[in-house]
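Student: Spelled out, the chains give:
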Amino acid sequence: MTLESQNLINAQGESLTVEQAIANLRQTEDSGLRYYAAWWLGRFRITQPEAIEALVVALEDDIDRAPDGGYPLRRNAARALGKLGQRRVVPALIACLDCPDYYVRESATQALETLGDTRAIAPLLALLSGGVEAATQVPGKPHLVQPYNAILEALGSLGAIAAVTKIAPFLEHDWPQVQNAATRAMYQLTGDEHYGDRLVQRLQAPNLQLRRSAMMDLGAIGYLPAAQPIATTLAENSLKLIALQGILESHLQHIGFPASGLSTEAEQVLSLMDDLL
Amino acid sequence: MSGKGLADISTLVQAIETADSKAAIVVAVRNLAAAKDPAAISTLINVLGYNNPGAAVAAVDGLAALGRIAVPALLEELDGYNYGARAWAIRALALIGDPRALPVLLDTALGDFALSVRRAAAKGIGTINWSQLPEEQVAQAQAQVMEVLQQTTTDPEWVVRYAAVAGLHALALKAVDSSSGAVISQHLQQVISRDQTLTVQARAQMALDALSSDLDELEPSPSSLTQHS
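Sequences listed follow chains A and B, in order.
Going by my numbering, the first sequence wraps up at 277, each residue one higher than the last.
Going by my numbering, the second sequence wraps up at 229, each residue one higher than the last.
With the rest of the complex left out, here is chain B:
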């Protein structure tokens, strides 16, 4: 937190409300986001519904920088959003990586009609901050993520498959189940031989290269939550 006072925040919020052009709104939102103050959360969330992509990007960045503290408000208002705002909110949740957003991110990775939102969700479920989940729930949640990501590697859009591969790579690095690394490596191998898009193959190859060198370095029983988080 930057320690800005409430008065400063209300001035920054007012600047958004009185901005007289799309470009001026973007600048005002960036300024508010830069304050990194929880008091800005509800305004930043409102901005997601402005139908102003530049402003939405700035608001998503601001919400992501605030992190966990923005999650309850984002989740609470998710159903009330119009489609565009919902897509931006899901991006913010994907960037934050809070496990409370996992159910909505899992659904989104599999089922959203906009490819950019599926892409963000696939990456997001792979990069969840597992240490924020009660330890006894981690293995089951990771198993769910693994299943969804494996399914997502057959998405019709290459960029979503790419994100799923990146997600699997990230998941493998944090997996608590010691057999996950081998399962993921095997799946990546399949992607390399089956996927028609060179870029997706290359991403899978990079993951596989990194994971196999990791496996070589690790002790016989490697995975504990604290070790990797």
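Bound-form chain A, shown alone:
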């Protein structure tokens, strides 16, 4: 979904009340209402206990089924829980890593990454079992057997330093997106600039999708030397601004802004951003 259409939905979504959203999620007649309510609770950061409980219940929903056997409501509930910052849902999300629906596993992995709870490391590592050899595409589907991008990124963000030897082989996976995710994790876990530079090189890739993903990765890891290359790569300004925001904010946190005032580097990134407005 593009940022623009998301914004449109937000504008319409404002009219729902918290009570209504929770009631919509709990009822089972109308799948569309439930699906939307799960998204809405996450979007508007509704953290009251009734909302969290209803979302956790939705993680085990068997009613809303996609034609391919997937569980759309579970996917949305996992995404919402990732946004709500309540670590008590971590065990319920870990249980989702065994769900037969790839997209539920992916959403749960991303939610676990955001929640930042190291209890997720061991179960995520278990999904890498079999290594790169096992990381093949599911016949007839556009994805691999596991959500490797999300898993590798989560392991990097969660500081799974002991997992480095299991992550490193994915640097050579056939899919460039997986390579990027592994590179990003390796940078986070080792601090070795070699990995940051490898992502910077990806900004020159002929494929727009790859340039975008490298940009987002560099933003996520806050790799300051990437600021200028991001500003000049061929991609949408909206995405460049988000990536530069990621880089700037990790630098600002590092220097202790606002107490510290701005550094020259911060001012340089801000100037790059000004030119993209």
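To be clear, the hints were calculated from the coordinates, so they are not data collected in a lab.
Heads up, a few of these hints could be off.
Dumping the calculated SDA-like pairs for lysine to any residue here, alpha-carbon to alpha-carbon at most 20 Å [stated by the list, open to error]:
#1 A:141 with A:66
#2 A:83 with B:198
#3 B:22 with A:141
#4 A:141 with A:98
#5 A:83 with B:30
#6 B:22 with A:210
#7 B:22 with B:50
#8 B:36 with B:8
#9 A:83 with A:22
#10 B:22 with A:94
#11 B:22 with A:235
#12 B:22 with A:209
#13 A:83 with A:50
#14 B:36 with B:13
#15 A:83 with A:43
#16 A:166 with A:211
#17 B:22 with A:234
#18 B:36 with B:95
#19 A:83 with A:94
#20 B:36 with B:20
#21 B:22 with A:236
#22 A:83 with A:49
#23 B:22 with A:205
#24 A:83 with B:10
#25 A:83 with B:36
#26 B:22 with A:208
#27 B:22 with A:207
Model, not experiment: these values are computed from the prediction.
Knowing the structure of chain A, use the given hints to seat chain B on it.
Tutor: Chain B in isolation, oriented as in the chain A frame:
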């Protein structure tokens, strides 16, 4: 102007019409934009409606490079555009900074549903070329811009608030009303203490740093239109 003849322009226009892929259209539009010829304006405006982002970016750049001369055509056709084309046209107008576009840019900064368009408009109203407006109208127009930008610093999207802060910074540098600098500085201070997004705070801090060092350097009664434009 590059002095290209009309014949060259029609060849470049034809290249756009006969291009057989999205990528080929982008290249052809870039070539036309590079000619910097007013005869290209109507074609560049048409391209905004192609639903081809690469081509639209090239056309916006081309129109922005042509500047004021492209403004009447952009404004004239604004209502007839589909939404996407309108958004690109507003971006071009924001980049050009012609005061004739101010009313539409003010509305857009406050009310457009697409954040990238609000973002461009907020930056654009701050960087209007004030010297192109009759001198007696400048103070009132700037007061309007100031009000809209202050309001825009509470937009739900951080990047729009960021653009509003950048717009206020630009406005402060060109303000004819001598009290504007102080009002803007005070507002920037509020942004720093109130905004939840570190990047927006940082942009406000940069503006504040720059403006306070400017204020120190200026004479007691600083602002005249010619001095800053």
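Student: Run the distance test for residue 36 of chain B versus residue 13 of chain B: straight-line Cα separation, threshold 20 Å.
Tutor: holds, 13 Å
Student: Starting from residue 22 of chain B, check that the Cα of residue 141 of chain A is at most 20 Å away, please.
Tutor: violated, 27 Å
Student: Run the distance test for residue 166 of chain A versus residue 211 of chain A: straight-line Cα separation, threshold 20 Å.
Tutor: violated, 26 Å
Student: Sort out whether residue 49 of chain A lies within 20 Å of residue 83 of chain A, counting only the CA atoms.
Tutor: The hint holds at about 14 Å.
Student: Between the alpha carbons of residue 83 of chain A and residue 36 of chain B, is the straight-line distance 20 Å or under?
Tutor: This hinted pair is violated, its Cα atoms lying about 48 Å apart.
Student: Given the proposed pairing of residue 36 of chain B with residue 20 of chain B, does the C-alpha separation stay at or below 20 Å?
Tutor: Since the Cα atoms of residue 36 of chain B and residue 20 of chain B sit roughly 24 Å apart, the hinted pair is violated (cutoff 20 Å).
Student: Just to be careful, I want the Cα atoms of residue 83 of chain A and residue 94 of chain A compared with a cutoff of 20 Å; is the pair within it?
Tutor: holds, 16 Å
Student: Verify the proposed pairing of residue 83 of chain A with residue 43 of chain A, using a straight-line Cα cut of 20 Å.
Tutor: holds, 8 Å
Student: Would you mind confirming whether the straight-line C-alpha gap from residue 22 of chain B to residue 50 of chain B stays at or under 20 Å?
Tutor: holds, 10 Å
Student: Take a quick look at whether residue 83 of chain A and residue 50 of chain A sit within 20 Å of each other, Cα to Cα.
Tutor: Cα-Cα ~16 Å, so holds.
Student: Would the pair residue 83 of chain A and residue 22 of chain A pass a check requiring their Cα atoms to be no farther apart than 20 Å?
Tutor: holds, 16 Å
Student: Is residue 22 of chain B close enough to residue 207 of chain A, meaning Cα to Cα at most 20 Å?
Tutor: holds, 15 Å
Comparing the model with each numbered hint stated earlier shows that hints 3, 5, 10, 16, 20, 24 and 25 do not hold.
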